[in-house]
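Protein chains: 2
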Amino acid sequence: MRYMVGIDLGGTNIVAGLVNEQYELVHKVKQPTEVAQGSDYVLSKMAKMVDELLEMADLTRQDLIAVGVGCPGIVDPIQGIAVFASNLKWNNIEVSRILGEKIGAPVFIDNDVRMYVFGEAMSGAGKGADVVHGVTIGTGLAAATVVHGELYYGSKFMAGELGHVVIEGEKTPCGCGLKGCLETVVSATGIVRQAREALEAGRESILREAFEAGELSAAHVSMAYDEGDALAQEILDYTGKVLGKGLAYSITLYSPDVVVIGGGSALAGDRILDSTRKTLTEMVYSGYMNNVTLKIGELIDDGGVIGSAAFAKSRVEKMEAVSAK
Amino acid sequence: MRYMVGIDLGGTNIVAGLVNEQYELVHKVKQPTEVAQGSDYVLSKMAKMVDELLEMADLTRQDLIAVGVGCPGIVDPIQGIAVFASNLKWNNIEVSRILGEKIGAPVFIDNDVRMYVFGEAMSGAGKGADVVHGVTIGTGLAAATVVHGELYYGSKFMAGELGHVVIEGEKTPCGCGLKGCLETVVSATGIVRQAREALEAGRESILREAFEAGELSAAHVSMAYDEGDALAQEILDYTGKVLGKGLAYSITLYSPDVVVIGGGSALAGDRILDSTRKTLTEMVYSGYMNNVTLKIGELIDDGGVIGSAAFAKSRVEKMEAVSAK
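Chains as they are written, first to last, in UniProt numbering: chain A, 1 to 325; chain B, 1 to 325.
Bound-form chain A, shown alone (with noise of 0.2 Å):
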C-alpha cells in the first residue's frame, strides 16, 4: 500500500492527514500557521507535520508518493507557486520546489477550492461521475470543476470564479470591484448583510436580539428560519434562488454530471437548496437538468486534505504515464 499526504493550509491552521490509495484518512493533525513567523517556518511545520503522520502509521518517506497542498488565494498548480494568498501574507511563494526539498517528495499545489472539489469528484459526492461542479458556500463563494479526472482552469487558471458572477437586481458592491456578485448574496457574509439591512429598514424578526448585541451571523439566520422567523424564510429563499440563477449559467456552460454544494453546512440543505431546484427548473434547458444531480457535499471536513492527497496521486500517475511513453 502506498500513500499520500493532503494539506489543507490556512490562515489560522494548517489540517494534514495521511491518506491511502483508495482516497482513506488513515491519520490527521492539525497545527496553528502561525502566519507572522514567515513562509519558510510555515513550510517547515508542515515538513514535521509530514514526519509525524508518517511515524504515526509506522511508515517511512519510501511508503509516501507524493504530498499535495491546498492553499487559498492564487495559485499556479504548473509551477507549484502560491502566487498570492492574503490571509497567508504570501507573494510567489515557490511551495512545490521548497517542501518538495524538505520532504523528499514530490508536492503538488494547487487552490484550496479546487483542491476540495477534487476530492469530492474522485472520493466524495461526485465520485464515478465524468463531470462535476463544485460550490463552496463560506464568508464567500467560490467554485471549480473537475472533467474526465482533470481540474478545469481556462486561461491562468482562473476560470469559474461563479461567486462573480454578476446578479441583475443585486447592487452591492463587491470585493472584486463589481456590483452584484453572486457572493454578495449567496455567502455566510451576503446573508448576514441582508438580515441587517431588513433590519435596519424596521422588519420584525426574532434576528433583531443578536443584531441589536452586534452578533448576528449566518447561523442566527438559519436558526431563526427553522423556528419558522418569516425573514429568515424570506432570506434563505432569495438565497437560494440567487444561487439556483448562478448554477444555472454553470449547469448549461459546463455541462455537468453532479453539482456538489459543500461549505458552511448552516447554510446549505433544504433550507436553500428548495429554491435553488425551483429555480433551476426555470432556468436550465432540460437536456441539462435531466442530466444532473444536485448533492451536498460528502466530505465537508475533510474535504481539503483528501482533495489534496488525491490531487497528488493524480499528477503522479500523470508524471508516471508520460515518462512511460
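Calculated directly from the structure, the hints in this document are not laboratory data. If a hint is listed, it holds; no wrong ones were tucked in.
Using 20 Å as the maximum straight-line C-alpha spacing, the simulated EDC-like pairs for lysine to aspartate or glutamate come out as follows:
| hint | chain 1 | residue 1 | chain 2 | residue 2 |
| --- | --- | --- | --- | --- |
| 1 | A | Lys-45 | A | Glu-94 |
| 2 | B | Lys-278 | A | Glu-170 |
| 3 | A | Lys-278 | B | Glu-170 |
| 4 | A | Lys-48 | A | Asp-58 |
Start from chain A and add chain B according to the hints.
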C-alpha cells in the same frame, strides 16, 4: 504534403474542401444536399465530392489523412454518430463508419458549430490562444469552447448552449421549452422579433415599409441602423447588451483568452459589439477582462470546412500519439 477534406453538411447544401496541413483551403466544391433522397444517398454524394477534390488537386486517396464532417444537430463525436438532425431528418446515422467505408479513410464528425469554433481556434481569430470561446449568431445562437486544442464537451457532448442561458426580464418563449433564452434576443430571429413588436406597438421607424410588406429581416435592421434609425439603433444596442450578459457568464466560467464572434456578418461588427463591450466591463471581473480579447471570426465563409478538416487532423494525431505509446 498531406491533406484533409473538411465537409460542412447543411440541410440545403454540402460544401466540401481540400485543406492542407497549414489549414489552407486548396479546392472547394458545393452540391445540394437533397435530404429527401435519404442518408445513404447523401453520404455517397459526400464520398464522390471527396474523390472530386482529390482529382482537382491530382492527388490519390493515399494523400488523404482523414475526413472531417460538421453535422447539424446533436452529434456523438466519439461514436461518430449523427444522433439527431431535424433539418436532415437523420436519427442515429453512423456517419463515421458508413462514410469511412465508402472513402477508405478515417472519418471524424462533430457538431457544425463546434467544427467552426475549432477552425477559428486552430487557424483563425483564436490561433495561438490557449482557450478560445466561440459564438455563432445566425437564425439562433450557439457556442463552443476549445481548451488547449480540445473541444470542451461536458457530459453527453452537450455543454455550452449559451443561446439557452435565460436573460432576466426577457419572457419570449423559446423552442427549448424555457422563456427568455439569450437566442430569443441575440439572433436574426430575435432581432426581427424585437423590431416587429416595436412596430406593432406603433413605434416610428424606416423599418415600417419592409414590415408592412412582410419582408422584414435582420439585414433590414442593420441597414436602418446604418441610416441612423432610432428604433434600429435601440434594438441592436440592446441585442449587444444581452450578448454581453451571456458572454459575461462564459468569460467568468471558461476564462478564455479569445472570444470569437462568428455567423451572419450583418449582425456582428460594431453595430452590436460596442454595447457588448460596455456590458462586459460592468459584468466581468477585471482579472478576466484584462486577459481576454473579443474578436470577429476570420473564417466566416469557409470556417465549417476548415474547422472540420482541422478537427479530423487533430483526431488522427491523437490516435497516432496513443498508438505510439
